[in-house]
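2 protein chains.
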Amino acid sequence: MKIWLTMLIATVSVNLAANELKLDNSLAYKLTESLTVEVGARIAGSAADERAVVWAEKNFAALGYDKVWREAFDMPYWQRGAASLTVNAPFHQSLVVTALGGSIATPALGIDSNVVMFDSLEQLKNADTPRVKGKIVFINHSMAKDKEGEFYGQVVGARAQGAVEAAKLGAKAIIIRSVGTSLNRFAHTGVMRYSDNVARIPAAAISVPDAIQLEKMLALQPNLTLQLTMQNKLPGIVKSHNVIAEITGSKRPDEIVLISAHLDSWDQGTGALDDGAGVGLVMAVGALIKQQGQPERTIRVVLFGNEEGGLLGAKAYAAKHAANMDKHVFASESDFGADRVWRLDSGVGEKSLAFIAELQQKLAHLDISLGNNNASGGPDVSVIKALGVPVVTLLQDGTDYFDYHHTANDTFDKVNAEALAQNLAAWLITTKAVANSQVDLRQ
Amino acid sequence: MKIWLTMLIATVSVNLAANELKLDNSLAYKLTESLTVEVGARIAGSAADERAVVWAEKNFAALGYDKVWREAFDMPYWQRGAASLTVNAPFHQSLVVTALGGSIATPALGIDSNVVMFDSLEQLKNADTPRVKGKIVFINHSMAKDKEGEFYGQVVGARAQGAVEAAKLGAKAIIIRSVGTSLNRFAHTGVMRYSDNVARIPAAAISVPDAIQLEKMLALQPNLTLQLTMQNKLPGIVKSHNVIAEITGSKRPDEIVLISAHLDSWDQGTGALDDGAGVGLVMAVGALIKQQGQPERTIRVVLFGNEEGGLLGAKAYAAKHAANMDKHVFASESDFGADRVWRLDSGVGEKSLAFIAELQQKLAHLDISLGNNNASGGPDVSVIKALGVPVVTLLQDGTDYFDYHHTANDTFDKVNAEALAQNLAAWLITTKAVANSQVDLRQ
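Going down the list, the sequences are from chains A and B. Going left to right, the first sequence walks through residues 19 to 461 as the numbering used here numbers them. Going left to right, the second sequence walks through residues 19 to 461 as the numbering used here numbers them.
Simulated from the structure, these hints should not be mistaken for lab results. Positions of the beta carbon are idealized from the N, C-alpha and C atoms, including for glycine. A few of these clues could be false.
[Unchecked claim] Straight line, CA to CA, 20 Å or less: simulated DMTMM-like cross-link-like pairs of lysine to aspartate or glutamate:
id, chain 1, residue 1, chain 2, residue 2
1, A, 163, B, 431
2, A, 165, A, 344
3, B, 163, A, 273
4, A, 338, A, 273
5, B, 234, A, 421
6, B, 234, A, 273
7, B, 234, A, 89
[Said to hold, decoys possible] Derived coverage of chain A by chain B (criterion: at least 3 residues anywhere in the stretch with Cβ under 8 Å from a Cβ of chain B; other residues may be distant):
id, segment
8, 106 to 119
9, 142 to 154
10, 308 to 320
11, 333 to 341
Turn these sequences into a full structure, and let the hints steer you where they fit.
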């Protein structure tokens, strides 16, 4: 094994040195720009989502992919409507608010009610019904920055589960402090969930400055009331699509090296960081590898549909390709913005850790260190990891990601070309290393 | 003169050393917080403007001012309505847009037209009618950062005069790139003007990221069309007010040392930097000086109404107090955000430059240097400077000011408490130096 690995590394290194001469290291950046300018926001199920699918098919073909196709799946379509949140007397102010994804509308005249504030979802869960009943719940959980985005996991529960917990105690609606790290006045959206056995109440987020403002107002006037109106629609079940393209393997075409991102975005920004950059990146990887000759294994690029609504494209993919999952030798997803890759995590068999260690050595000049073997592979890829597919995660620096994530401010100007080129180099090295090897990462 | 000055300086220095023991250097910050939380956005002529006047009267009284009153003036009231700007086929995207202050509405169904882009107002002025006629003009003038805000002056002409120049050439509407320095997706508002002899067309601003996006779209599809709708209203003439408060001078009560800010704000943010911080600052200065005993001259704090609509409160003040202008021995305004003061400029008689130089020495420990003798005194104060009143400007660092100015993002969380405390110290030293002297700054 060791001798074989050394030979492989030598091959990859030689290839890469040659490649670097002709490699267009701005290709990922240009594709991200094209998607965000020509399509822009593309919430799953919308006309813009369909335009994104057409854009992807057209660009995969133009990039020289050997096969391009779409796979349909059904999904419940949700449309954001106008939202407003007004503080009533004595302050009479409008706060910046946005519906959480999936939220029902308010009645046409809105919900006018007192407010009860909690510091966290946990505190809400421990509250008594009389304190909450008939009120608008306000969860004011602040979020700190970190490279791995761990604070997001601690705070996002209020967004996902807050409506159910508030409704259990009789609340009329819930608003949360945006799950984000910026003091810019944007409200963060994102998916929320209802439970079949609990009343459905409207759920929204206010920007961080507005949460700070509301907290101060409540300190002065605990009995103030808020007026919340939202006009969201749930038109029913529609079709969305995964878009798939392949560079056919020269020696082992049935073995699939899957690299991916998600094509859909939230509707507020243009989905540049989430996940336009990932789309540009993986589309570029296959094209640039083909420029250097067919890989030995097949490289399959999957642009998943409706990640934001709950990994619906990934679940459809897993269902459709279940019988072929053992031919998926590798999977990975780029979905954490556009900042530099700083660590390689894996989710592979114990015997393959040597291969991962050698891979990290090839990434070391990009300042990428070796992490752990607990990688999910990415949000969508976690679904196929659960079916036994080996994965890696090329961890991106997420320190600033939640300044923009799921807001109107997620636009192409936030993408750093140099950092995305570093991502591209890391993805090329990683994808080629796997595609031009015979390594069984399940072992 | 020199001996007298030295004595004065000694007196002020002793006073200040004593004062610093009891001075609440967070008072300006607390007042700014109170105004932005309890009143918030307060566009001139609105119900919120009236609430701001009441807030100011109440707080002046609570701070121990000797006299508090309001002075009414008439003004044309302008109300922002909903605005939208959509890129039509093939891109189908919404851009972030806001009406410029004073703009008429579009027809209810909006204006749907081709676009002609210019890099600057000058370029528009030099264009031929056939290139512009029937189109939406887009002025895409970018703005750089600088400490003194000089770039603002170079770019803001497109906002103020763009509608007139575009209409002269037959344009249907004008949109401008926001006059701001941030890549955050906020559209900057601000006053625009019409001319009696030129057709009135709707005028709006798009955020900087949207201007960048639109430029890219136009490069791909020069014939694309935009759909602009705005529902602004011009309800007619209403009353607004200047709010004035005094600490009566002990020795020369008829001599007025005027310090000021403007009470109104644009309607998008809460007017924290523009000009809540200035309001908090000058209200605090009079109160803190009185804590230390009556000044020799009268300190008059003026909170001007409707600065944003064109210095209307200042003009009303100048008209009402014209006969008493020779008793105004000094005037200054704080209206450039909340960052640190770094330079002292004056607009005084030649013989008074020694006094100004000595004043700068008292400010030197705050890192404030001596500038020139061409100070305007501030936007509102420039109106009374024109009537012969001596002024100083305590220049604030404006490097980041235009990241927030006139946008929804101008909120209290952007105010730096430490920097505002430095402002307060500078204003206390300056105001006391003048109020406790006999210096004639006209000389």
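Legend entry - Unsatisfied constraints (hint numbers, rising): As far as the earlier hints go, 2, 3, 5, 6, 7, 9, 10, 11 are violated by this structure, in ascending order.
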